[in-house]
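Keeping their order, the protein sequence lines are chains A, B, C and D. Anchor point for the first sequence: position 135 equals 163 in our numbering, and the numbering is continuous, going up by one each time. Anchor point for the second sequence: position 195 equals 221 in our numbering, and the numbering is continuous, going up by one each time. Anchor point for the third sequence: position 7 equals 23 in our numbering, and the numbering is continuous, going up by one each time. Anchor point for the fourth sequence: position 97 equals 113 in our numbering, and the numbering is continuous, going up by one each time.
Derived from the structure by calculation, the hints contain no laboratory data. Be careful, since some hints might not be right.
The calculated lysine-lysine pairs, modelled on BS3-like cross-linking and capped at a C-alpha distance of 30 Å, are [as the list claims (entries may be wrong)]:
| # | chain 1 | residue 1 | chain 2 | residue 2 |
| --- | --- | --- | --- | --- |
| 1 | B | LYS112 | B | LYS324 |
| 2 | B | LYS82 | C | LYS180 |
| 3 | B | LYS90 | B | LYS242 |
| 4 | B | LYS262 | C | LYS180 |
| 5 | B | LYS90 | B | LYS112 |
| 6 | B | LYS82 | B | LYS242 |
| 7 | B | LYS219 | B | LYS179 |
| 8 | C | LYS180 | B | LYS219 |
| 9 | B | LYS339 | B | LYS316 |
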Amino acid sequence: MLVMQGIVKQFPGVRALDGVDLDVRAGEVHCLLGQNGAGKSTLIKVLAGAHQPDEGTITFDGAVVRPGSPIDAIRLGFATIYQELDLVDGLSVAENIFLGHEHARLGFVNRAAANRAAAQVLARLGHPEIRPATEVGRLSPAAKQVVSMARALSHKARVIIMDEPSAALAHDEVANLFRIIRELTAEGVAVVYISHRLEEIREIGDRVTVLKDGRTVAVGLPARDTPTSQIVSLMTGRNVEYVFPPRQGREPGEEVLRVENLSAPGVFSDVSFSVRAGEIVGLAGLVGSGRSEILEAVYGARPASGSVLLSGRSVRRGVVGTVRNGMGLAPEERKAQALLLDQSVTANITLGTLPEFARLGWLDRGRERAEARRLADLLDIRPPDPERPIRTLSGGNQQKAVLARWLLGSRRLLLLDEPTRGVDVGARAELYAVIHDLAKKGIGVLLVSSEVPEVLGLADRVLVLREGRVIHEGAATELDEHRVLDMIMNGEAA
Amino acid sequence: TSNEPAAAPTSSAPAPTAAAGGNDQPGDRVVIGFSAPAADHGWIAAIAKNAETAAKQYSDVEFKPVEPTNDINQQISAVESLIAAKVNALVILPNDGQQLNQVALQATAAGIPVVNLDRVFPNKLAYRTWIGGDNYGMGVAAGHYIGEQLKSKNVSNPVIVEIQGIATLPLTQERSQGFADALKEYGFSVTAKQDAAFTVETGNEVATSLLQAHSKIDAMWNHDDDQGVGVLAAIKEANRSEFIMVGGAGSANAMREIQSGTSVLQATVTYSPTMASSAIKLARLIAQGKGMSDLLEKQVPQSITLASETITKDNVADYMSLGFES
Amino acid sequence: MSEPTKSQAPVGEGRAGPLGATVPALRGLGEMRHVGLIGALAILVVVGLVTRPDNFATASNLISILSLAATIGVITVGATFVIIGGGIDLSVGAVMALASVWATTLATQSYGPVVMAICAVIVGTGAGLVTGWLIAYGRLVPFIATLAMLVAARGLAQRMSDRKTQLIQPENSALVDLSTTRVLGIPLLVYIFALVVVLGWVLLNRTTFGRRTYAVGGNPEAARLAGIDVRRHTMLLYALSGLCCGIAAIIIMARTTTGSSTHGDLYELDAIAAVIIGGTLLTGGRGTIIGSILGLLIFTLITNLFILNGLNTSDQLIAKGLIIVIAVLLQRRNLKERAP
Amino acid sequence: MSEPTKSQAPVGEGRAGPLGATVPALRGLGEMRHVGLIGALAILVVVGLVTRPDNFATASNLISILSLAATIGVITVGATFVIIGGGIDLSVGAVMALASVWATTLATQSYGPVVMAICAVIVGTGAGLVTGWLIAYGRLVPFIATLAMLVAARGLAQRMSDRKTQLIQPENSALVDLSTTRVLGIPLLVYIFALVVVLGWVLLNRTTFGRRTYAVGGNPEAARLAGIDVRRHTMLLYALSGLCCGIAAIIIMARTTTGSSTHGDLYELDAIAAVIIGGTLLTGGRGTIIGSILGLLIFTLITNLFILNGLNTSDQLIAKGLIIVIAVLLQRRNLKERAP
Ligand SMILES: Nc1ncnc2c1ncn2[C@@H]1O[C@H](COP(=O)(O)OP(=O)(O)OP(=O)(O)O)[C@@H](O)[C@H]1O
Ligand SMILES: Nc1ncnc2c1ncn2[C@@H]1O[C@H](COP(=O)(O)OP(=O)(O)OP(=O)(O)O)[C@@H](O)[C@H]1O
Ligand SMILES: O[C@@H]1[C@H](O)[C@H](O)CO[C@H]1O
Ligand SMILES: [Mg+2]
Ligand SMILES: [Mg+2]
């Protein structure tokens with residue numbers, strides 16, 4: 029039904045697509061795999077009319093098409109959920125869903141009709157509780173993701189493109205998403221699905237196309253039957269699996285963090301735990317269970333009652349104090365909370381530890397660059413040029429830079445909120461190794477991840493959260509994915 | 027130049043002279059409304075001060091000034107508020123006579139006599155009396171002074187530079203016209219002309235570049251002594267002294283420069299803010315139905331034009347007390 | 017003024033429920049802001065009533081406040097659109113001046129008052145289209161493009177009028193009647209002002225054009241991906257602002273009976289200030305017409321009170337500075353503050 | 017579980033070719049922009065040389081251009097910091113006026129020129145601290161807070177000076193010497209200007225303070241979470257701007273031999289325009305001092321050329337509008353344009 033051939037897209041200094049082929053059939057879920065920066069998002073933006081290809085052809089229903097703008101693509105029947113949430117904060121949920129194709133007569137909007145239609149789509153997506161009149165800026169990232177999906181569904185599209193739709197979703201939400209996808213494909217709609225989670229591909233995908241370095245390296249592999257090792261080696265050119273470094277070699281030392289009776293009304297209450305030097309503590313829970321908020325409260329970035337002790341001493345509230353005392357936070361939303369998009373990778377990496385590169389405020393830029401380069405190499409940030417503006421990096425590589433920020437200087441405690449969001453399999457293994465190494469060096473790590481295997485695989489100890497309360501605490505080795513999911517969804521404390 | 031150890035403290039508002047005679051005796055209580063542009067330079071500030079001081083001399087006058095503003099729209103509203111407050115007479119120095127004409131007509135129609143100060147309303151029905159300076163005459167006086175001086179030095183084809191105030195005011199255009207007309211009688215003309223907005227700083231900026239544009243200048247007329255402070259600073263900075271300069275309005279500072287005898291500023295032509303004191307007096311007389319006791323007429327005249335006088339080293343001592351501080 | 021995603025989304029501000037519902041307290045914040053403004057207005061009214069019991073609350077004074085507010089008011093409506101759309105328009109005062117001058121040249125005046133009014137509107141809209149084109153298609157930063165228009169329009173106005181004030185001829189006095197003729201005791205120009213506000217409100221809140229303006233200002237990239245022609249829309253926003261300047265020119269001509277190159281000096285600052293006091297963000301994507309008009313009325317009321325109470329300029333300025341600060345503190349909790 | 021395979025790190029070795037290497041041109045884009053500005057300056061210089069061959073390229077004319085640029089130039093340095101830091105400062109001209117008035121009161125003058133200079137600097141910095149505090153801790157929008165300071169500072173300056181121009185007393189003429197004394201043929205105040213530019217450049221490009229300014233302006237939330245005290249930094253930015261206004265006050269006093277409440281009228285627009293022409297984004301997070309100074313020199317040069325050529329103001333204005341547009345088009349490809 030849809031064929032892309034020999035697509036080339038050149039950005040200043042980067043050849044993002046270097047002859048990509050893609051062939052999508054009606055009614056299938058076609059998965060697009062590739063490492064960070066392989067060109068997946070760029071490819072689908074070409075399809076969506078957001079980028080113009082330099083070379084190559086797109087054939088749709090046998091005819092050559094050239095989506096010159098997003099409007100063209102939408103008219104052709106392509107709807108897209110973009111990787112970076114592209115919603116307008118100041119407009120309502122309904123207005124966002126129908127932006128560009130409003131319910132209107134003679135230019136006058138029919139708000140009642142729009143709200144009704146939006147409510148329908150949201151109900152279909154399993155989220156009747158999201159009200160169409162709510163301002164989108166007030167929604168959580170997960171709810172925004174739902175709105176993005178609703179927007180794509182609101183078009184009578186024949187091809188729906190989803191760029192990492194599950195990255196902001198928790199387990200139960202993903203199941204919901206899959207239900208929708210199945211409905212769509214049953215109606216003959218084609219879905220192009222991008223994700224770094226191989227198990228998802230297995231569950232929902234029909235065929236897989238693998239990209240590497242802007243080229244297609246495999247077309248139309250069967251999604252269910254192709255061995256993981258084959259996919260991984262196609263993507264990375266080597267054989268790694270979803271691996272966690274062994275826990276040996278780390279001896280948890282003294283307590284670096286003690287949290288007592290931390291509460292923030294309506295968000296979480298009475299949370300107490302501790303983290304020891306060299307220990308990785310994971311927080312598991314549903315989206316909205318308050319994990320990010322706990323991290324922020326510990327970090328001093330959000331008000332909360334209760335006490336936070338760092339190495340036995342209470343630190344001055346506020347981020348300035350906690351950072352000075354050796355904490356670091358890699359936040360959840362990298363674009364909004366972590367990155368200086370206009371600045372170089374180097375400037376982004378050193379932002380948290382600037383004083384360590386300065387004497388009396390005077391920056392030692394040579395040392396700064398050298399350190400940034402060292403970290404970029406360590407984490408394999410690509411392209412390997414730390415002086416490049418970070419906005420030109422792919423999402424996963426940006427995420428690595430966010431982590432790199434806190435690998436500098438003498439941290440005692442790191443708070444990592446979804447550290448592997450949008451990071452590919454190969455890089456994940458590297459990040460896991462880095463986190464493990466940090467702990468080995470005696471740094472305490474408090475980790476939040478929506479991927480339960482990740483929490484279980486990395487952490488020594490796990491706290492399970494439900495509706496803002498800790499309902500279980502115990503060694504990771506004593507838990508398995510199934511039990512954790514039971515607890516966070518049904519509240520069954522073990 | 028408020029910092030000069032002022033020799034004559036209240037120089038700009040001369041005390042009522044005996045000639046005013048019986049007219050200074052208390053009469054009916056009258057409320058006089060007053061509206062003028064924002065006091066963003068010395069001359070206008072002196073106008074506001076003089077009006078207030080003059081009004082204070084009379085126990086039968088209640089002085090009611092409104093917010094000075096450079097925005098026409100706001101001045102219209104301000105005058106409207108005075109009309110609504112039913113004052114007995116209005117003294118108005120409009121930002122632009124043409125633009126305030128209509129609201130002055132409204133006042134007159136409401137039975138409130140308007141004394142028009144300085145910038146004139148085009149429609150005579152809009153005011154009872156106009157008092158102001160002779161702008162054309164000011165240019166003529168400056169032109170004659172410069173013409174005479176250059177003639178006596180036998181300069182031919184002189185470079186004559188003119189620095190105007192706010193270019194869009196009709197009074198600026200009249201001044202320039204008078205200047206050009208007078209120079210023509212000597213066979214001279216203006217070489218370069220720029221406007222400087224009446225402030226010290228713009229005066230300084232414009233003069234700085236003008237001095238670069240003309241490496242030799244014979245004479246310069248600067249319309250306004252307030253901006254003249256900046257012009258003089260620029261001349262000093264450029265270390266130039268080959269020309270004569272004439273000022274305008276008659277500020278105390280200009281007079282001190284003239285008196286010193288070492289300055290390029292050798293004369294200034296007056297445009298005295300004392301007209302504001304007189305305007306208040308006229309408004310009071312009109313509101314009380316009196317005439318001017320020195321004149322035979324029973325009523326205040328329809329218009330009074332002050333003469334523009336030329337102040338030089340020779341007569342500066344006589345004028346010193348009338349100079350207003352920048 | 018554009019950057020799409022610099023949303024300083026305060027960490028997890030105001031979410032609730034599993035994914036959806038908002039905390040109710042936050043819901044009303046849009047209107048809350050207006051409550052702050054209305055509070056500030058109310059305080060000013062009380063001050064007026066106390067200090068000038070017999071002058072302040074008179075019909076004639078209220079009308080004079082509205083007439084005074086009308087010119088900038090109309091411009092403010094246009095400015096609100098531009099600023100919500102992520103831009104800024106510094107040229108408003110100059111464009112109004114140019115429109116007033118063009119409409120009052122002897123040549124234009126010979127066609128009578130209707131043509132004069134149309135001329136003002138066309139000149140305003142045309143100037144807006146030019147700046148809009150430069151910004152949308154020429155890729156100039158709005159600040160620079162409109163600054164250039166400011167300077168050029170003033171120059172052109174001076175040139176056309178030879179720097180003279182152009183009186184409206186007696187035979188065209190129908191135009192002046194807009195200021196002198198009253199219906200139900202209220203001058204016609206106040207009705208024009210009211211009409212522009214109402215139409216502006218409808219356009220912003222009830223049409224696709226208005227809603228898309230929020231998208232174009234709030235997240236231009238998202239707007240583009242949603243299939244909106246962001247460039248065309250941007251250009252139209254400036255044309256709309258120019259149209260408002262043209263209408264304002266008609267009002268100022270009626271009030272002053274003149275066209276002049278000096279009209280509207282510094283109106284850009286007043287209009288932008290009113291919009292921002294009214295709660296619209298300079299970064300775009302948020303704001304209301306009502307807020308802007310309330311902001312403007314606060315300014316006008318302050319001036320009026322000063323006039324009535326005969327304060328001297330310096331004290332007025334100092335007090336004005338303080339009042340601006342207090343008024344904004346009253347409506348303070350600006351949800352999306354930078355530097356949280 | 018296998019051992020971590022980090023040792024095989026450089027995975028996609030092959031990609032360094034097409035994807036990895038940066039085209040050098042991209043790296044230089046920051047300077048590319050300046051090339052545009054320098055091009056515009058060059059064109060103006062050529063125009064000067066052609067139209068006024070004997071007046072334009074003289075040492076004394078060049079010096080007078082620099083002297084003219086000095087006051088706003090110093091202010092522009094401060095404004096660049098504020099704008100990169102995501103703010104805006106409308107109060108610069110008024111604060112400079114206030115500083116000049118405070119420094120030239122009879123009381124201050126009795127302590128001699130050094131105290132006068134210190135007084136100007138303290139007043140400027142103090143005013144900046146106040147606005148900075150209102151913005152950072154009082155959460156006022158910068159536009160509003162600095163507008164309030166503009167109005168209040170002018171009012172205060174008028175009140176202190178009783179609206180009179182305050183002459184510098186003969187015994188304090190050392191201050192005026194800054195303008196008249198020349199070293200190597202160049203007036204001292206031009207050295208002050210140069211010094212401020214150099215120090216500003218160093219502060220912005222070589223210190224943590226400068227780096228943080230980009231962070232605070234580019235993404236305040238990210239800066240905060242990286243442990244930067246965003247509020248304190250914001251406050252300091254305005255204090256820095258105020259400090260520059262204080263220094264500018266010294267220069268304007270030296271040049272005009274006066275302190276006056278009318279000094280610096282509309283400097284805010286000129287300074288902001290220079291900064292933006294220089295390539296700094298109003299949204300913050302980007303920009304350079306060099307760009308701002310080049311932008312300012314373009315402005316100053318235009319005015320100088322006009323006056324040298326005896327053009328009248330109206331034509332100057334029209335031409336200025338066109339030149340602004342052309343200058344910006346020359347340096348056009350603003351990487352981060354809205355509506356790509
Ligand atoms: N606007 C741009 N300008 C310059 N380079 C770009 C731009 N967008 C993407 N690139 C580059 O193109 C390449 C492909 O990026 P793309 O975003 O398509 O990767 P991706 O496969 O989606 O990766 P991820 O899994 O991390 O999202 C990367 O090297 C990236 O740095
Ligand atoms: N400002 C706020 N006011 C009221 N409730 C809030 C606020 N911020 C967050 N909440 C609530 O706190 C809870 C936790 O929020 P959040 O979704 O960030 O949790 P999380 O576990 O980190 O999930 P995620 O995976 O999405 O980060 C939710 O119920 C949310 O609605
Ligand atoms: O006529 C006056 C003065 O001459 C002064 O110089 C400026 O303001 C004008 O109104
Ligand atoms: Mg991607
Ligand atoms: Mg979270």
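Hints versus structure:
For the proposed pair B/LYS112 and B/LYS324, the alpha carbon gap of about 25 Å is at most 30 Å, so the pair holds. Proposed proximity of B/LYS82 and C/LYS180 is contradicted: the alpha carbons are some 37 Å apart, above 30 Å. For the suggested pair B/LYS90 and B/LYS242, the alpha carbons sit about 51 Å apart, so the restraint of at most 30 Å is broken. With a CA separation close to 35 Å, the supplied pair B/LYS262 and C/LYS180 exceeds the 30 Å bound.
At roughly 11 Å between alpha-carbon atoms, B/LYS90 and B/LYS112 fall within 30 Å of each other, so this suggested pair holds. Under the criterion of a C-alpha separation no larger than 30 Å, the hint pairing B/LYS82 with B/LYS242 is inconsistent with the structure, at around 50 Å. Straight-line distance between C-alpha atoms of B/LYS219 and B/LYS179 comes to about 23 Å, which keeps the hinted pair within the 30 Å bound. The hinted pair formed by C/LYS180 and B/LYS219 meets the criterion: a straight-line CA distance of about 18 Å does not exceed 30 Å.
For the hint linking B/LYS339 to B/LYS316, the alpha-carbon distance of about 40 Å lies beyond 30 Å, and the restraint is violated.
Hint check: violations occur at hints 2, 3, 4, 6, 9; the rest are consistent with the structure.
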